[in-house]
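A.B. asks: Sequence:
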Amino acid sequence: MLRIWSFVTLTLAALSLAPSFARVLEAPPRLMVWPPELWREATVFNGQFELFALIGGPLDLAAILTTAVLALLLRGHKSRFWFALAGALLFALSLAVWFRWVWPANSVLATWQPGPVPENFVAIRNRWETGHMAVAALKLLGFMATALAVTLPARPLPEASRSR
Numbered sequence: 168m169l170r171i172w173s174f175v176t177l178t179l180a181a182l183s184l185a186p187s188f189a190r191v192l193e194a195p196p197r198l199m200v201w202p203p204e205l206w207r208e209a210t211v212f213n214g215q216f217e218l219f220a221l222i223g224g225p226l227d228l229a230a231i232l233t234t235a236v237l238a239l240l241l242r243g244h245k246s247r248f249w250f251a252l253a254g255a256l257l258f259a260l261s262l263a264v265w266f267r268w269v270w271p272a273n274s275v276l277a278t279w280q281p282g283p284v285p286e287n288f289v290a291i292r293n294r295w296e297t298g299h300m301a302v303a304a305l306k307l308l309g310f311m312a313t314a315l316a317v318t319l320p321a322r323p324l325p326e327a328s329r330s331r
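Read left to right, the sequence shown gives residues 168 to 331 (this note's numbering).
Because the hints were derived from the structure by calculation, they are not lab data. Just to be clear, a hint being listed does not mean it is correct.
Simulated restraints, written as ranges between beta carbons of each label pair [stated by the list, open to error]:
| hint | residue 1 | residue 2 | range |
| --- | --- | --- | --- |
| 1 | 277 | 236 | 32 to 40 Å |
| 2 | 189 | 284 | 42 to 50 Å |
| 3 | 208 | 311 | 33 to 41 Å |
| 4 | 174 | 242 | 14 to 22 Å |
| 5 | 170 | 283 | 53 to 61 Å |
| 6 | 246 | 297 | 27 to 35 Å |
| 7 | 290 | 266 | 17 to 25 Å |
| 8 | 266 | 217 | 30 to 38 Å |
| 9 | 246 | 282 | 15 to 23 Å |
| 10 | 286 | 263 | 28 to 36 Å |
Beta carbons are placed, not taken as given, at the ideal position from N, Cα and C, and that holds for glycine.
Using the sequences provided together with the hints, build the complete structure.
C.D. replies: Here's what the structure looks like:
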């Protein structure tokens, strides 16, 4: 059971990390090369990122839940438990950062219309891009912690420690 759950957890954690990491890889040209009109067209219009929300959101929740359950399954294994718990908390924190940092930018982007680039373009673009970078960094740390929880040698707590 633990092996299968570990495999499922790592898979979902990797799938949650993947779109966030892809955004980090896209960021340099989007921030330093693209003119504002191209950024707005690619990001706001034409539905380029619809699947990120439709698939990414559920994957984020699944990564949090499966990693939290992994921590519960590993509660008798001291270091593995703490790494799994850290992974769950980091994935949860990444979602909290998304809601605090990216979601407000998305709300503004949803009001933009074709035509002249809005005056607040740079501030909104930077908040959106850097928010996604912060989310990706937290997810990467969460994935690393989860991978350690799964790959560290199993060393159960002594029987006396478990009864406390």
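A.B. asks: For each hint, tell me whether it holds in the structure or not.
C.D. replies: Against the structure, the hints come out as follows:
no., hint, result
1, 277 with 236: 32 to 40 Å, "holds, 34 Å"
2, 189 with 284: 42 to 50 Å, "violated, 25 Å"
3, 208 with 311: 33 to 41 Å, "holds, 35 Å"
4, 174 with 242: 14 to 22 Å, "holds, 19 Å"
5, 170 with 283: 53 to 61 Å, "holds, 57 Å"
6, 246 with 297: 27 to 35 Å, "holds, 33 Å"
7, 290 with 266: 17 to 25 Å, "holds, 19 Å"
8, 266 with 217: 30 to 38 Å, "violated, 19 Å"
9, 246 with 282: 15 to 23 Å, "violated, 56 Å"
10, 286 with 263: 28 to 36 Å, "holds, 29 Å"
Violation of the numbered hints given earlier is confined to hints 2, 8, 9; the remaining hints are satisfied by the structure.
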